[in-house]
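Engineer: Sequence:
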Amino acid sequence: MTSASTSSATSPASNASSQTAAPSPNADPEKHNNNRDTEGTAEAEKAKKPSLKERAETLWAKTQLDVTTMKIMAKGALAPTISLAAYQATNFAETYTTLGYLVGVVSILSFAIMPRSKFLQTWFLNMLSSCLAACVALLAIYCAVQARLHTETTVRTGGPGTSGTPSPGATTSTYNSSAAAVSGIWLFFEIWIINTMRARNPQLMIPGIIATIFANVSMVYAPQFASMATGISFVKRLLESFFTGFAIGGAVSLLIFPMTMRGVVFKEFTGYIMLLRKMTKANLTYLQSLEEGDMFFGRSDTNVPEKPKRTSEAQAIKDTLAGLAALHGKLSIDLTFAKREVAIGRLGPDDLQEIFKQLRGLMLPIIGLSSVIDVFERIAEDRDWNHPAPKKPFEELDDPNERSRMEAVQDWHAIFKTMREPFARIVGDIDEGFEHVLITLQLIKPPKREADAESEGDRPHPGEKDFQSYHYKRVDEYHSQKRNLLRRWCELRGFSLPDDFFENTQKADFKAPDWYHNVKNNDERQKYRARLFIVLYVDFLLDSIALTVHDFVKYADAKVESGKLGRKRLIVPGVKRLRKWIKSSYSRKQDAYTDEQHGMNEDGNRASNVYLGDAYNKRKDPEHLPPSTAWEKFGDRLRGIAHFLRSPASSFGFRAACATMCLAIVAYLHDTQTFYVRQRLFWAQIMVGMSMSPSAGQSLFSFALRLVGTFAAMVTSFIIWYIVDGHTAGVLVFFWFFVAWGFFIVLKFPRFIPVGMIYSVTNTLIIGYELQVRKIGVTVSESNGQAYYPIYELAPYRLATVAAGIFVAFIWTVFPYPISEHSELRRNLGSSLYLLANYYSVVIETVKFRVRGDFQNLHFDEKEHPAKKLEKIRQTVFSKSVLLLQGLRTHSGFIKYDVPIGGRFPRQNYDRIIARIQDILNFASLLSYASQTFSDMRNAEKDGSESQWLNDFRRLVKEADITSKESTTLLSLLSASVASGQPLPPYLQHPEPYRLSAKLESLDASILSVRHMAEPGFAAFAVMQISTKCIGDDIKALLADIKELVGELDFSFHVVSTQDDSPSGSQDALIRDDVQDRKID
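Each residue of the sequence shown is one higher than the one before, starting from 1 at the first, in full-length UniProt numbering.
Bear in mind the hints are in silico, worked out from the structure with no lab data behind them.
Check before you lean on any hint, since a few could be wrong.
Said to hold, decoys possible - Cross-link-like lysine to aspartate or glutamate pairs, in silico, EDC-like; alpha carbons within 20 Å at most:
| # | residue 1 | residue 2 |
| --- | --- | --- |
| 1 | Lys465 | Asp551 |
| 2 | Lys559 | Asp350 |
| 3 | Lys445 | Glu966 |
| 4 | Lys49 | Asp66 |
| 5 | Lys281 | Glu292 |
| 6 | Lys318 | Asp911 |
| 7 | Lys848 | Asp725 |
| 8 | Lys392 | Asp294 |
| 9 | Lys527 | Asp509 |
| 10 | Lys868 | Glu354 |
| 11 | Lys445 | Glu623 |
| 12 | Lys527 | Asp382 |
| 13 | Lys1043 | Asp952 |
| 14 | Lys482 | Asp500 |
| 15 | Lys75 | Glu57 |
| 16 | Lys482 | Glu421 |
| 17 | Lys392 | Glu402 |
| 18 | Lys872 | Glu354 |
| 19 | Lys965 | Asp919 |
| 20 | Lys527 | Asp294 |
| 21 | Lys568 | Asp551 |
| 22 | Lys564 | Glu354 |
| 23 | Lys482 | Asp543 |
| 24 | Lys868 | Glu845 |
| 25 | Lys633 | Glu623 |
| 26 | Lys633 | Asp621 |
| 27 | Lys391 | Glu291 |
| 28 | Lys71 | Glu54 |
| 29 | Lys511 | Asp499 |
| 30 | Lys748 | Asp294 |
| 31 | Lys448 | Asp458 |
Just so it is clear, the structure is predicted and the values come from calculations on it, not from any experiment.
Construct all of the structure, not just a fragment, from the sequences and the given hints.
Structural biologist: This is the structure:
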């Protein structure tokens, strides 16, 4: 939770600041022609030795200490420093006495570095959890006092055998076994319910830690109170300490370097657009590298790890894409908080949502453009071209496969050289569109431009008033030049087209090579068509990106014209949004879509019934029918208690409670009660609750991290104390400085958050206690039953108690059976496959109604339009899938810290499957995106008419039945096998790749003729064809990977004779690979 809230405050900002000054590619083609002329100058400049200032700047950049980071570090360390400094006031010290150190600890756990809306939610939940913990503590104390009164005739308070006075007015008494037993039961219950809620709801992680500290401290002293008056006094003073820490944390968060969630989101918007700019430039660099390089070699094969890695151009795209996916997932979470925030600004919650929608619409085609790398990788795998090409002339090659490869490489060189200029120009226009959006929405400052009237004339620049019309003209020029691109491709293929061919495609005559006329069984025809599809794929996506960027430009200019960006105003979220915020804090949303039938009005004349499938309804219970009576509904709610008790979260809470009691039992025994308090062993008990995690891998990881953090705190506490010879003012200054570095770890290395937090908390405990003793004296400090130790003894004691606590937590994570990263990863992988099956099914239904033209007489703006339901579900499942895949990668990263018992964990298999799922998700998204073209083509016609080609295409698609339901079924079966660990069912086959182009040609030989290349839907069809082919390849590979992982219910046998090389055996292979896929190159 903390990584999502803190790192988001700095990462996008650093991305934006590092790229804001980068010049956009010039849209002028003359300047592109001068690129090669300036290469020598660029190499000469690189050869120059960097100056001392440049080297210093480079070295400083490696420290990641930008201004924003240092502000947040200072802010985080300020709260505990104020707490320790306030204790030096006599009134403060007399009020909190020996509980003053908790003020500093709680101020750290308030997480004042979080943005405002996240902080306020966590702040409120922290206070609520403290109040609930106080209520339970009072009830437990009451039960313990009653148990004492019923088993003891005389009560003695104070003196030997007691723990002194933990707070003013809270004198403890001697040991009572009944009170100790009752307190132990209450502690077990509290720890169980707290950790169960932590496991069920991750946003309760910090409030759960707060409640754990309160429960442990209060329950240690609970059996020692002889009356409710003393118990109430102690709980009241403990609650005051907690709330004082909350108050200090709140004041620091809201007043010192205040940071709003809206500000974080705007920085993430900036970083998002910068990454999109970087992606488009990287794709252009990659496409230009294909003019000379071998596109089939120099890449990594997930099946063969030892093969060479991708080229630097391709790897740069994949690295940027990973950062974009991570930022997209983080932004989707942060946006929810930003829309709920009260602030003074320009853009409201709906505007933020619309900007995110624009960015999401740009991400899909850019991801699709980046998938050109995957397309060539699949060609290399299919044709066995994934090896260095022979260094021989084409004429000397004997191997037909190598000759085919060389011919393909040379052909692609010629193709990409013809596309260099238009692609470079449109990428420059796209980049300038992004820059205009950044400047217009005031996300960056306008850069200083040098006047260059000779090359640029009077054209408007990004950020200027007339740039929208100029940008539209540039995008429209590229869109209209598509025919020139197709004409050049036809010339390369041997076609001879008349000048007016594209104006009169139906009647114009043209000359075609012989291979074009042979429709059936013509490998050369399929080969060239496949290459045309790839060209159209790249062109379609670049055109779509340019048009979408232009829509973004129009949106930004519309906000300027509306006056929203001209003045600030008070922004208050609506009642509906606030209600959803409150409900989301304690409810677990169910994905249920009620109503199986919907009546829709079409133009107000008649009603139409649209029947929805079972997936729109609430998930069925195979053991119970839906309740129909009030008694049955009551019984359903009663069964919810049993479901809660047997849930994995409840099991984890039980483990945490058992681990806590392993240490707490010492506090409830006669001979060790005072020893437990005197040696501060309850901090080991507290560390159990803070260290318990749902998996063994994370627990082992946390075990090492907390030891490192505590050891570092012990060392730095010596430095803090002795470097100024124990002078209070100097100690506070150095305490602030060193604690700030704990928050640096939290900000820059979210994976090592336990190190930063335990480091800061332990420093606060050690230094806070020593300053407390200096202020109130040793006698008062020991009045709570805890022995005084100088800092050189106290620090090692802290290290020992923390080590003991996290060691017990680790034991109970693997005992009685381990909840390891292995099982967590496998179950989550099954969930990811099931979500993928859902997403693919929704995408297929979306493609069906778009391509076939269903619901054309319905208005999309109607609330109950089926397309709206599909769109909402598709976006929801996509967001869930992206977040789950990020979690899978994180889990996989923790595997290395898991203790291997038995055989090694097949981590490479899991990583390969995760990568396959990501690829299928990307291509399925691209499939849905491309199909939108067919709906847009219908809406673009004012009179509702369509081209003859589109009418014919829709008719043929209906006859061909383009859907592939077998893929959805297979993904669901794979999900069930992985989640349960059971082998795959027998006779399971991967779906045969659907040759839609061949099927359409069998129905109408002219439907994919050269005459229709310029049709808007033709390019969309090419994208869909490539996407479905890649999805089929990935599903086939996915089936093989999962078969290797879980096995197969295969009882076939194979007998190989030593005298006969031919094997004999059962004829039925359970998973067949005999279906030959059509290969593209």
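Engineer: If a hint holds in the structure, say so; if it does not, say that too.
Structural biologist: For each hint, the structure was consulted:
no. : hint                : verdict
1   : Lys465 with Asp551  : holds (16 Å)
2   : Lys559 with Asp350  : holds (12 Å)
3   : Lys445 with Glu966  : violated (52 Å)
4   : Lys49 with Asp66    : violated (25 Å)
5   : Lys281 with Glu292  : holds (18 Å)
6   : Lys318 with Asp911  : holds (16 Å)
7   : Lys848 with Asp725  : violated (77 Å)
8   : Lys392 with Asp294  : holds (14 Å)
9   : Lys527 with Asp509  : violated (24 Å)
10  : Lys868 with Glu354  : holds (17 Å)
11  : Lys445 with Glu623  : violated (62 Å)
12  : Lys527 with Asp382  : holds (13 Å)
13  : Lys1043 with Asp952 : violated (42 Å)
14  : Lys482 with Asp500  : holds (14 Å)
15  : Lys75 with Glu57    : violated (25 Å)
16  : Lys482 with Glu421  : holds (13 Å)
17  : Lys392 with Glu402  : holds (10 Å)
18  : Lys872 with Glu354  : holds (15 Å)
19  : Lys965 with Asp919  : holds (19 Å)
20  : Lys527 with Asp294  : holds (18 Å)
21  : Lys568 with Asp551  : violated (25 Å)
22  : Lys564 with Glu354  : holds (14 Å)
23  : Lys482 with Asp543  : holds (9 Å)
24  : Lys868 with Glu845  : holds (12 Å)
25  : Lys633 with Glu623  : holds (15 Å)
26  : Lys633 with Asp621  : holds (14 Å)
27  : Lys391 with Glu291  : holds (18 Å)
28  : Lys71 with Glu54    : violated (24 Å)
29  : Lys511 with Asp499  : holds (13 Å)
30  : Lys748 with Asp294  : violated (39 Å)
31  : Lys448 with Asp458  : holds (16 Å)
Against the hints set out earlier in the document, violations occur for numbers 3, 4, 7, 9, 11, 13, 15, 21, 28, 30.
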